[in-house]
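*Asks:* The residues making up each chain are set out below.
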Amino acid sequence: MEITRTARAAHFEIKLKGRMDATWSDHVARALAECVQSGQHVILVDMAEVDYISSAGIRILVLHARQLNKIQGRFGVINASSSVRKVLELAGLDGLLLAHAGPATAPASPAGVSPGRVVLSEAGATAEVFELDPKATLCADWPGNSAAWFEGRAQTEASATVEFPANVIGLGLGALGSGDAANTQPFGEFLAAAGAAVCQPADGSNKPDYMLLQGSLIPTMKVAYGMVGRGGFRRLLRFDKGPQQPSLPLSTLARACLDTLGTEAAGLVVVAETASLIGASLQKAPGGQPAASPAQDIFAFPEIRDWLSFTAEAAFVNSTCLIVGFAAAKGVGASLRLLKPLVRSGELYGHFHAAAFPYRPLRKGKVDLAHTIQPLFESEQVLGLIHLLNDWRELSGAGESRFQRGACWCSPLTFQA
Amino acid sequence: MLTVSNLRKTFNVGTVNEVRALRGVSLELPEGAFLVILGGNGSGKSTLLNAVAGSFRLDAGEIHLAGQKVTRWPEHRRARLIGRVFQNPFTGTAPTMSIAENLALAARRGQRRKLGWALPRNLMDELRDRVSQLKMSLEDRLDNAIGTLSGGQRQALTLLMATWLKPALLLLDEHTAALDPKSADLVLRVTEEIITRHRLTTLMVTHSMQQAANLGDRIVIMHKGAVAYRFTGADKQRLGANDLLARFEDLRRREMLDETAAALLRETYL
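Residue numbers (the numbering used here), protein chains in the order written: chain A, 1 to 417; chain B, 1 to 270.
If you're looking for bench data, these hints aren't it; they were derived computationally from the structure.
Here the structure is a predicted model, which is why all the values come from computation and not from measurement.
Careful: at least some of the hints might be erroneous.
Said to hold, decoys possible - Below, simulated DSS-like cross-link-like pairs (lysine-lysine); rule was C-alpha separation at most 27 Å, straight line:
{"hint": "1", "chain 1": "A", "residue 1": "Lys-86", "chain 2": "A", "residue 2": "Lys-17"}
{"hint": "2", "chain 1": "A", "residue 1": "Lys-207", "chain 2": "B", "residue 2": "Lys-236"}
{"hint": "3", "chain 1": "B", "residue 1": "Lys-236", "chain 2": "A", "residue 2": "Lys-284"}
{"hint": "4", "chain 1": "B", "residue 1": "Lys-224", "chain 2": "A", "residue 2": "Lys-284"}
{"hint": "5", "chain 1": "B", "residue 1": "Lys-224", "chain 2": "A", "residue 2": "Lys-207"}
{"hint": "6", "chain 1": "A", "residue 1": "Lys-284", "chain 2": "A", "residue 2": "Lys-340"}
{"hint": "7", "chain 1": "A", "residue 1": "Lys-135", "chain 2": "A", "residue 2": "Lys-364"}
Can you make the complete structure from the sequences, with help from the hints?
*Replies:* Structure representation (structure tokens):
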């Protein structure tokens with residue numbers, strides 16, 4: 001079978017020639033998946049020269065039609081040969097799969113929205129900016145106490161109970177549940193946004209657990225230390241790496257948020273088609289030592305190996321991630337608790353946690369945060385949760401977490417007096 | 001049943017080829033336990049098995065087996081307590097002798113040698129009975145030379161021989177690694193049946209995550225001559241092949257976390 005890919009003005013065309021049986025369907029599936037991952041959400045498959053299609057082939061077409069329909073994309077078969085047309089009609093799938101020949105039109109963006117466009121980097125990354133609520137801010141707060149935890153002195157009783165309804169974002173070290181220590185998981189790094197709280201217990205299993213806002217069930221956590229933002233989002237950035245570079249680094253995105261908001265400190269939630277993540281996860285929770293015991297230094301080498309697992313190379317390659325974080329410019333960043341340098345020059349500070357899911361394309365245009373996050377939890381497994389870091393070491397450094405495209409909701413941070 | 005404490009062994013001491021193969025390994029295996037030892041190349045898993053079998057002198061450590069201290073026992077003396085199956089299907093059996101003759105040798109292991117019929121009728125009946133339990137249709141071919149059988153069939157028979165006298169400890173050293181996938185599955189099925197039937201205390205070395213996930217009631221993952229992870233009971237039951245693979249990834253990441261990474265984390269983590 002021959003598979004020819006052509007980019008047209010408003011859509012992407014894949015021309016097939018030969019038999020679409022079980023063996024070749026795998027190749028077609030791979031070609032289609034690549035196409036979707038490269039950001040093409042309008043795909044037409046030319047089947048004029050396909051003389052046979054089996055149910056294995058139909059399955060691939062249906063899967064992609066459903067996937068793209070779900071994210072307001074478009075998928076269809078054009079110029080179907082008589083045998084393909086007959087099979088699809090008999091299977092009752094002509095309505096779903098057969099597209100009318102002629103120029104495809106991308107779905108129009110909802111009326112009343114006229115996004116601005118900003119350039120993110122010299123390498124051609126851009127973002128559409130949607131104004132959501134010009135008055136919205138996130139009010140920053142730091143529940144728990146990081147110093148005590150990292151010196152290993154704190155007891156579980158010293159932690160704070162924090163609720164995560166839809167309007168609270170947060171990250172830190174904590175445990176799902178609010179009851180006694182017996183009712184909660186071991187402590188671990190967590191993130192929370194739009195009523196979803198994900199926590200990876202630091203017991204070495206690397207299996208994140210999560211709680212979702214459902215009815216009157218509000219995710220609640222015991223937080224050893226953390227940073228939360230309460231409020232709403234001012235702007236949505238739909239960013240894309242652009243055609244010239246393979247991916248877009250986290251620091252560029254964080255910088256773009258501060259710039260577009262015109263603020264020194266911001267809270268953000270990102271859902272991104274991800275190239276790779278770099279970071280660390282706790283393997284053993286500090287704390288729980290009697291108050292009189294000597295302070296622990298978890299960063300001492302080689303003991304650090306028992307405490308932290310550092311990716312040291314690209315991890316969660318080609319995944320879709322939910323990221324919660326806080327970013328700040330130099331001066332403010334250095335003064336805010338839990339914020340650390342994001343870039344080597346120290347120009348940008350931040351703290352980001354990411355939960356990775358298997359790859360899933362995101363709908364284009366203006367999207368709602370809760371509606372974007374929900375399907376991730378509904379149909380995918382959480383692969384892992386890590387604290388994102390910039391590995392800027394000379395020669396051996398793996399660099400930053402990098403993304404293809406995605407959505408970033410952001411708001412300026414405000415601080416209580 | 002088996003207690004191994006703080007085993008240490010360095011090969012080629014003082015040369016460029018010095019290898020610290022065992023760096024203080026301890027294990028405790030109650031009667032009837034089935035321990036799977038998983039590890040990469042050079043992790044020390046086979047060395048550990050050889051240490052238990054007595055193939056070399058230890059630098060330090062003690063081994064107790066079936067209530068006796070066997071640390072200084074030579075290999076042949078320990079053989080009375082230990083049944084063993086190797087990776088190579090050609091090492092466990094005598095190729096020119098028949099199936100029945102090979103099994104007869106196994107049945108008389110450790111007994112006093114005296115002159116008599118090698119294959120009396122009552123023994124033949126028992127042989128046929130036990131071989132038929134392999135469900136490999138070998139019971140009709142007891143007179144065939146073992147050299148004419150396939151690797152999988154030979155390995156299944158070696159297993160039968162090694163367990164004929166219900167040893168205090170069964171050692172399996174990657175005993176399916178040299179077989180094709182289908183034969184390997186067959187031998188694994190036989191392995192599981194025999195171990196369950198006789199409630200044998202077993203140590204199995206493998207580098208197959210799938211085998212480790214499916215077999216045994218406990219797992220030890222070895223790395224650089226030491227035990228990196230141990231799982232028993234419910235922890236072992238919920239481990240899948242992918243979880244084990246993730247543990248190996250953890251080990252690799254551990255190695256990669258060097259002093260420069262530690263300094264970076266100190267500066268940027270919290």
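*Asks:* Let me make sure I understand: some of the numbered hints might not hold for this structure. Which ones are they, in numerical order?
*Replies:* none
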